[in-house]
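Chains as they are written, first to last, in this note's numbering: chain V, 17 to 331; chain H, 21 to 290.
No lab work stands behind these hints, which were simulated from the structure alone. Misleading hints may appear alongside valid ones.
Only pairs whose alpha carbons sit at most 27 Å apart, straight line, appear in this in silico BS3-like list of lysine-lysine [unchecked claim]: (1) H/Lys236 <-> V/Lys80; (2) H/Lys238 <-> V/Lys84; (3) H/Lys41 <-> H/Lys236; (4) H/Lys93 <-> H/Lys148; (5) V/Lys36 <-> V/Lys179; (6) H/Lys148 <-> H/Lys28; (7) V/Lys83 <-> V/Lys269; (8) V/Lys80 <-> V/Lys152; (9) V/Lys133 <-> V/Lys84; (10) V/Lys83 <-> H/Lys93; (11) V/Lys172 <-> V/Lys133; (12) H/Lys148 <-> V/Lys84; (13) H/Lys93 <-> V/Lys80; (14) V/Lys36 <-> V/Lys84; (15) H/Lys148 <-> H/Lys41; (16) H/Lys41 <-> H/Lys28; (17) H/Lys148 <-> V/Lys83.
Computed beta-carbon distance windows for the label pairs [what the hints assert, rightly or not]: (18) H/Ile90 <-> V/Lys270: 20 to 30 Å; (19) H/Leu36 <-> V/Arg89: 43 to 53 Å; (20) V/Ser86 <-> H/Phe117: 51 to 61 Å; (21) V/Val309 <-> H/Ile96: 33 to 43 Å; (22) H/Asn204 <-> V/Pro291: 28 to 38 Å; (23) H/Ile96 <-> V/Gly132: 18 to 28 Å; (24) V/Gly236 <-> H/Ala226: 44 to 54 Å; (25) V/Ser86 <-> H/Met217: 27 to 37 Å; (26) V/Thr317 <-> H/Ile90: 36 to 46 Å; (27) V/Thr181 <-> H/Ser188: 41 to 51 Å; (28) V/Gly132 <-> H/Lys41: 31 to 41 Å.
Being a predicted model, the structure only gives us computed values, none of them experimental. Here a beta-carbon is modelled for each residue, glycine too, at the ideal position from N, C-alpha and C.
Now for the letters of each chain:
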Amino acid sequence: MEYKNVSSNPHIRDHMSTGKIMLVVILALLPTTAYGVFHFGIKALLIVLLSVLSSILFEWLFCKLIKKESTIRDNSCVVTGLLLALNLPVSVPWWIPIIGSFFAIVIVKMIFGGLGKNFMNPALGARCFLVISFPKLMTDFAYDAFSGATPLAQLKSGSMSVKITDMIIGNTAGTIGETSMLAIVVGACIMIMLGVIDLYVSGTYILSFAVFILAFAGRGFDMPYLCAHLAGGGLMLGAFFMATDYVTRPVSKKGQIIYGIFLGFMTAIFRIFSPSAEGVSFAIIIGNLLVPVIERFTVPTPFGVVKNSNRKGGK
Amino acid sequence: MGKSSKNKPTCSSVFLNGLIKENPTFVLMLGMCPTLAVTSSAINGMGMGLTTTVVLTMSNIIISLLRKVIPDKVRIPAFIVIIASFVTIVGQFLEAFVPSLNASLGIFIPLIVVNCIILGRAEAFASKNGPLLSAFDGIGMGLGFTVALTCIGLVREIIGAHKVFGISFYHLAELIHAPEGVLNWIDRQYPIAIFVMAPGAFFVLAFMVAFINSIKLKENKKNVAADCKVGDHDCANCKEKCEHRFYDENGKDGSVYDKHMSKESEEEGE
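Could you build the full structure based on these sequences and the hints that come with them?
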């Protein structure tokens, strides 16, 4: 007797495989990575390499340890390592990316059953783990004797000395990958054109965030302030590369829209009302945990099925 | 299960049962609330464990003595009254003699009243057995709880605060007259602070339970593989491919179809 783990037909087979999708994501992350290395110097490249290599190593080791076929071929560990590195400030010591990728790969992903079964985005889980564990190291954004405050922290303290053009190009303090809005948007365009992501999550995320900032930040219709919030911090990186993670976002379009709006509101709440200046990673993680609830309320009706309320009316 | 009905429980078997075989934290998964909440350091865990041990032993003895007096219908309120009186007494003692421990355990001392280990042992053991056995059961279960909490607290403390029983690594190194370079190196290290916060308790507990389960699985495999009979052992924890079970080797989640039921019904049919 054989049990095959398949549903009934019809089956639609796509030409894209997991490995190919992950390759596109890596490609889309390259402009951001390149800008980070250009902006922060060679140490940024070291952190990226360390993080990516240790992610691959931990996934391979874990598969060896539990005697399962190695899953490093699907490239998802490379994406996780790369995203984790882009979420670290350049001043961290060498062991931070290694601990981070251990947590991301082993604790968040592999223990729960590997890619597709992780309940939150591994890179973001690791980032939050590191921020809570080493708050001093993870918020030290000083580089090249440049004073440490990120544009968002400056906004929070009330000064409007930040230059919007600098923030869009990326000439500011921050984590390796978050500073340049331009490079991230280029990467996002690559992904959208190749059909890897769509705007259901990212678009609603950014729009609802902007609406919340306009309505509740207490600044009125202050366009420079809004632009600074949009370009600053991890919002763009989070919206295009982490909120859109296939595993941890809702499946249906309706669910994705609800998810995006929730993320936007949470991020804005964290940024305006919490003591810390940044809130993207925690917002997306809370969103990830709520995805099963969102899915429960957005089960799509199959074609041809009569809705329950109609049937009752017929009786 | 079958063993306990055949062999009469002795004091030592009851004691070891609580300490190892049915360890309340790692095996029965009872008393999770204090386990997760107060184990931020080994001293706290040990204090909580010993306090619970005292309350558990005393309440077990009294409940066992009164087991024929207490009417069945109101036994739970009666148990709670007995347990609560001991918790109050122990709480007052702690407040008088170890105020620092009392302060760090805080609300969790009065909450021992609703600790499921104590009510569970009263219900499952003390209300059915004599006072001597109940006392040993209380000590065994209590010490099992204490050992578990101390272990969790120690691991959390070492990783999350670089301390052992409240003494920092730096002081320990000073005590053994370590060279200057080592001292400076220790001083520069960062502890993983999340381990002394709430999430760390979940990480450490999960890993310890997983570790103990893996040992138990191996032991089960050893004991059972030779001759497996229906109903002879714990099939849920048996990984052996005996004829009673059907392993779905294609299933990715290692799903198991228990054939005991169907086999028994076949026998009845014959």
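Hint check:
no.	hint	verdict
1	H/Lys236 <-> V/Lys80	22 Å, holds
2	H/Lys238 <-> V/Lys84	19 Å, holds
3	H/Lys41 <-> H/Lys236	10 Å, holds
4	H/Lys93 <-> H/Lys148	15 Å, holds
5	V/Lys36 <-> V/Lys179	38 Å, violated
6	H/Lys148 <-> H/Lys28	13 Å, holds
7	V/Lys83 <-> V/Lys269	38 Å, violated
8	V/Lys80 <-> V/Lys152	35 Å, violated
9	V/Lys133 <-> V/Lys84	16 Å, holds
10	V/Lys83 <-> H/Lys93	54 Å, violated
11	V/Lys172 <-> V/Lys133	37 Å, violated
12	H/Lys148 <-> V/Lys84	48 Å, violated
13	H/Lys93 <-> V/Lys80	56 Å, violated
14	V/Lys36 <-> V/Lys84	22 Å, holds
15	H/Lys148 <-> H/Lys41	20 Å, holds
16	H/Lys41 <-> H/Lys28	17 Å, holds
17	H/Lys148 <-> V/Lys83	47 Å, violated
18	H/Ile90 <-> V/Lys270: 20 to 30 Å	57 Å, violated
19	H/Leu36 <-> V/Arg89: 43 to 53 Å	49 Å, holds
20	V/Ser86 <-> H/Phe117: 51 to 61 Å	58 Å, holds
21	V/Val309 <-> H/Ile96: 33 to 43 Å	35 Å, holds
22	H/Asn204 <-> V/Pro291: 28 to 38 Å	33 Å, holds
23	H/Ile96 <-> V/Gly132: 18 to 28 Å	46 Å, violated
24	V/Gly236 <-> H/Ala226: 44 to 54 Å	49 Å, holds
25	V/Ser86 <-> H/Met217: 27 to 37 Å	34 Å, holds
26	V/Thr317 <-> H/Ile90: 36 to 46 Å	57 Å, violated
27	V/Thr181 <-> H/Ser188: 41 to 51 Å	49 Å, holds
28	V/Gly132 <-> H/Lys41: 31 to 41 Å	38 Å, holds
The structure fails hints 5, 7, 8, 10, 11, 12, 13, 17, 18, 23 and 26 (numbered hints given earlier, in ascending order).
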